[in-house]
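Taken in order, these protein sequences are the chains called Z and H.
Residue numbers for the first sequence follow the numbering used here, beginning at -18 and rising by one.
Residue numbers for the second sequence follow the numbering used here, beginning at -18 and rising by one.
Accuracy of the hints is not assured; some may be wrong.
Identical copies look the same in the list; a pair holds intra-copy or inter-copy alike.
[To be verified] Simulated crosslink set (DSBU-like; lysine-lysine; CA at most 35 Å straight-line):
hint	residue 1	residue 2
1	K266	K365
2	K333	K(-4)
3	K332	K71
4	K365	K102
5	K145	K(-4)
6	K109	K(-1)
7	K335	K(-1)
8	K332	K145
9	K92	K117
10	K344	K333
11	K344	K163
12	K332	K117
13	K365	K344
14	K(-1)	K145
15	K117	K335
16	K164	K103
17	K344	K266
18	K164	K145
19	K266	K(-1)
20	K117	K333
21	K71	K103
22	K145	K266
23	K92	K332
24	K109	K92
25	K(-1)	K332
26	K(-1)	K333
Bear in mind the hints are in silico, worked out from the structure with no lab data behind them.
What follows is each chain in one-letter form.
There are 2 protein chains.
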Amino acid sequence: MEHLEQHERMEMWEKIQKALVDEQIDQFRAEFLELHPYDQAKIFEEQDEDIRFLIYSYLSPEEMAEVIEQVDRDFVEEFIIEMVPAFAAKVMEHMSTDDAVDILNELDKNKVASFLTIMDKKSSEEIKELLHYEEKTAGSIMTTEFVVINTQMTVKEAMRHLRKEAPSAETIYYIYVVDSLKKLVGVISLRDLIIAEGDWLIQDVMSERVVSAPVGEDQEDIAQMMRDYDFLALPVVDFQDHLLGIITVDDIMDVMDEEASDDYSKLAGISEVERSGDTALSSAKKRLPWLVILLFLGMLTANVISRFEATLEQVAILAIFIPLIAGMAGNTGTQALAVAVRSISTGEMEKKGKVSVIWQEAKTGLITGLSCGVIITILIAIWKSNIFLGLLVGISIMATLLVATVSGAFVPLVMHRFNIDPAVASGPFITTLNDLISIFIYFGLATAFMSFLI
Amino acid sequence: MEHLEQHERMEMWEKIQKALVDEQIDQFRAEFLELHPYDQAKIFEEQDEDIRFLIYSYLSPEEMAEVIEQVDRDFVEEFIIEMVPAFAAKVMEHMSTDDAVDILNELDKNKVASFLTIMDKKSSEEIKELLHYEEKTAGSIMTTEFVVINTQMTVKEAMRHLRKEAPSAETIYYIYVVDSLKKLVGVISLRDLIIAEGDWLIQDVMSERVVSAPVGEDQEDIAQMMRDYDFLALPVVDFQDHLLGIITVDDIMDVMDEEASDDYSKLAGISEVERSGDTALSSAKKRLPWLVILLFLGMLTANVISRFEATLEQVAILAIFIPLIAGMAGNTGTQALAVAVRSISTGEMEKKGKVSVIWQEAKTGLITGLSCGVIITILIAIWKSNIFLGLLVGISIMATLLVATVSGAFVPLVMHRFNIDPAVASGPFITTLNDLISIFIYFGLATAFMSFLI
């Protein structure tokens, strides 16, 4: 069976819809619960409010929890709020702790407090603990539902323990081992556990080479670590090596996706990732900060050109190549920036050394600059029958591309040095900087060699 | 134990280096094999050629295979080629089939043929099969080392089979079930298998809701599916539902990373992702295509402005705001483009409907345009003491931002419709398009209202 395609979902939707309208609860449950929770969530999301309320009354909190875990994060808040609070609290009790925490983090503080009061004590305490951790750290994405065994158990005892814990644990494929002080001392994969003899001690079969993350570690670094080491789960510890929780690979895939969207948006000059639930006004709010900064930076550029007004009045034709030169500078800079940001975030920059990266960019800029300079000189010389104008633009392009390429790599390096996320030195900023540089070069050359142009 | 930090790696490196220089093979093996293969690979990559040759002679092909699997893909080709061919062939035999195929795909055809002849028959046949599949499809990233059981086995028999296969299988956490015709009919997780009673039949405990991917499916779609459904592995089938291989989550994380780099590079106008092994010349080659296209597009812009030369000669001051207006248009367009490309690739676009997306972008463009227009009008009116010039630029900015925002969303939609990857309609292209539009608006307005300016 393929995963549900749009048309299959429509068919299913109609069947389920019919069951709901006819208030055929058994029919609905039979069809709906047969689906993967992801598909349940997609169908649920498409329903109108009155149908959603029917669904809340047809499903148990436990069943609803599975649906809510898979619902798009942009809508989840709305659904939780519209439920009867006691039902919502029960739903969150049955969710993975980390997912419940994600939802509560989006709600206002009074709502959170009231939900925590209605919840059973165990869940609310687990959740309260996780709510403390800063966003985007290991603590905020870990779950506390994991299987832990101790060094003195036999393989057989461990397997028995595992069977009991399996239904509620987030993963059972890595089992973490703690000593009598509850410190993390080892790990054993289920693969190794099922191969081992039943009467061996865990401490003899476990691996002591257990990799863990401190609770305050950045989620992006954790994603990279899990990708590098091919881990399905990673234990999270405090500074005394006490096991606090685990991070599973499915959460890490969401982190990777989130971070990629984030870098992508920053390169495009959007301060925060836009979500599907955004209105035009909230989209505009996310885009305006950069646009207003650019407006002021653009005034700077205008100011620079206005200093060359005398040159412009003498040779008005110079103006027509302004967008070409500024545009080339901006784009080259963005290319170099993108490469630099990537190589900083993958750690390649460290390895190769900053000087050699800048040197390589300079060579790259020289090659692209020479190529484009020669082409444009020929084009303009033919078009305007003016070899000097062609040379002026060509040389400007060459110099501009060289400088813009180097600055595109240099600026994120400097930012990184001062602990500013280099992705923020995004396209728009580099573009404006390079606009300025390119215009200085172009009009500077034009003013110096004016006699050849008129 | 934390994963190896740079300084720990240095320490380890020194120890291992010393063992190598002293030709202490036992010492080297004791230190080196204690490490996670990822760390082994990082240390190995940093060695000079003569030391690498020592390592080849100190490790078995099986041990070397684990290292090579973790080596950066940019270097792996070089290492395989420098090994004695018989050793290299043995190393590839011991690698996961999918990883071996990745390497062979990078080598030239004669080399591949000669490696396949030296390899043992089973490995070379498995590899040959995988070499057929197109790059970036399910077939190219799947592995053929998986555990398969049939419907008629008991749970106990299945566990016994699993214990035997566990050491060589890529994952044992999902076990796929086939019928007597070798068709995929079910799946059971190891979690469910260890909970089940020993004498139950697999067909009674397996889930029949098995999600699979056709062998030609695009890797990006598979990544999305695995992320949505939280799968650790996904079976790959032919059009008759025969099980061909499986894709594991660790390979999917690499795919996600690759696709994110790819989108990021395209937004920056780089035709192909640059790698750490690239020389300045090869970097330049990847960046030049867009730059040359832009050069020609820039000539178009120059041509448009040159049509307004008469206006420019009368009011030279108009030129100073060209970069500001063109820059704002370009950046707004890139923002809208980035949002559109993301929402196309996540499927949100389909869900919301194209008309409503464009309409929302138009409203967003109106808000940002009005805000920026008012600000710039005031700034210029004060700076140049010329309210008409301020209004001209302000109104141009407003109109430009509106049009640029809509076109930034519209162009990728059109491209998507014609099955062109919308990520290719990247920043640089939209920027130039919007340069053109903005200059038309600006000079058009200036020419029409010339009487107010002079």
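Status of each hint after checking the structure:
1. For the identical chains of this complex, K266 and K365 are inter-copy neighbours only, at 29 Å across copies versus 45 Å inside a copy, given an alpha-carbon limit of 35 Å.
2. For a Cα distance limit of 35 Å, the shortest separation of K333 from K(-4) across copies, 23 Å, qualifies, whereas the shortest one inside one copy, 59 Å, does not.
3. In this homomeric assembly, K332 and K71 come within 35 Å of each other (Cα to Cα) only across copies, at 30 Å, whereas the closest approach inside a single copy is 50 Å.
4. With identical chains, the CA atoms of K365 and K102 are never at most 35 Å apart, being 81 Å at best within one copy and 68 Å at best between copies.
5. Within a single copy, K145 and K(-4) get their C-alpha atoms no closer than 37 Å, and across copies no closer than 45 Å, so neither meets the 35 Å cut-off.
6. When the C-alpha separation of K109 and K(-1) is checked against a cutoff of 35 Å, the pair qualifies neither within a copy, at 41 Å, nor between copies, at 51 Å.
7. Taking the shortest alpha-carbon separations for K335 and K(-1), only the inter-copy value of 28 Å comes in at or below 35 Å, while the best intra-copy value is 64 Å.
8. In this homomeric assembly, K332 and K145 never come within 35 Å of each other (Cα to Cα): the closest approach is 47 Å inside a single copy and 42 Å across copies.
9. In this assembly of identical chains, K92 and K117 lie within 35 Å of each other by CA distance solely inside one copy; the values are 22 Å within and 46 Å between copies.
10. For a Cα distance limit of 35 Å, the shortest separation of K344 from K333 inside one copy, 16 Å, qualifies, whereas the shortest one across copies, 46 Å, does not.
11. Taking the shortest Cα distances, K344 and K163 never come within 35 Å of each other, neither inside one copy (56 Å) nor across copies (57 Å).
12. In this homomeric assembly, K332 and K117 come within 35 Å of each other (Cα to Cα) both inside a single copy, at 26 Å, and across copies, at 29 Å.
13. In this assembly of identical chains, K365 and K344 lie within 35 Å of each other by CA distance solely inside one copy; the values are 31 Å within and 42 Å between copies.
14. Taking the closest pair of Cα atoms, K(-1) and K145 never come within 35 Å of each other, the shortest separation being 40 Å inside a single copy and 49 Å across copies.
15. Taking CA atoms no more than 35 Å apart as the test, K117 paired with K335 passes in both settings, with 28 Å inside one copy and 33 Å between copies.
16. In the homo-oligomer, the alpha carbons of K164 and K103 lie at most 35 Å apart inside one protomer (22 Å), although the nearest pairing across protomers, at 46 Å, exceeds that limit.
17. In this homomeric assembly, K344 and K266 come within 35 Å of each other (Cα to Cα) only across copies, at 12 Å, whereas the closest approach inside a single copy is 40 Å.
18. Both within a single protomer and between protomers do K164 and K145 lie at most 35 Å apart by alpha-carbon distance, with minima of 23 Å and 33 Å respectively.
19. In this homomeric assembly, K266 and K(-1) never come within 35 Å of each other (Cα to Cα): the closest approach is 41 Å inside a single copy and 59 Å across copies.
20. Within a single copy, K117 and K333 get their C-alpha atoms as close as 28 Å, and across copies as close as 29 Å, so both meet the 35 Å cut-off.
21. For the homomeric pair K71 and K103, the shortest alpha-carbon distance inside one copy (12 Å) is at most 35 Å, but the shortest distance between copies (54 Å) is not.
22. Taking identical chains as interchangeable, the C-alpha atoms of K145 and K266 are never at most 35 Å apart, the minima being 51 Å within one chain and 59 Å between chains.
23. For the identical chains of this complex, K92 and K332 are inter-copy neighbours only, at 31 Å across copies versus 48 Å inside a copy, given an alpha-carbon limit of 35 Å.
24. Taking the closest pair of Cα atoms, K109 and K92 come within 35 Å of each other only inside a single copy of the chain (14 Å); across copies the shortest separation is 60 Å, beyond that limit.
25. Proximity of K(-1) to K332 under the C-alpha cut-off of 35 Å is restricted to the inter-copy arrangement: shortest distance 22 Å between copies versus 61 Å within a copy.
26. Within a single copy, K(-1) and K333 get their C-alpha atoms only as close as 63 Å, which misses the 35 Å cut-off; across copies the closest is 24 Å, which meets it.
Checked against the numbered hints given earlier, the structure breaks hints 4, 5, 6, 8, 11, 14, 19, 22 and satisfies all the rest.
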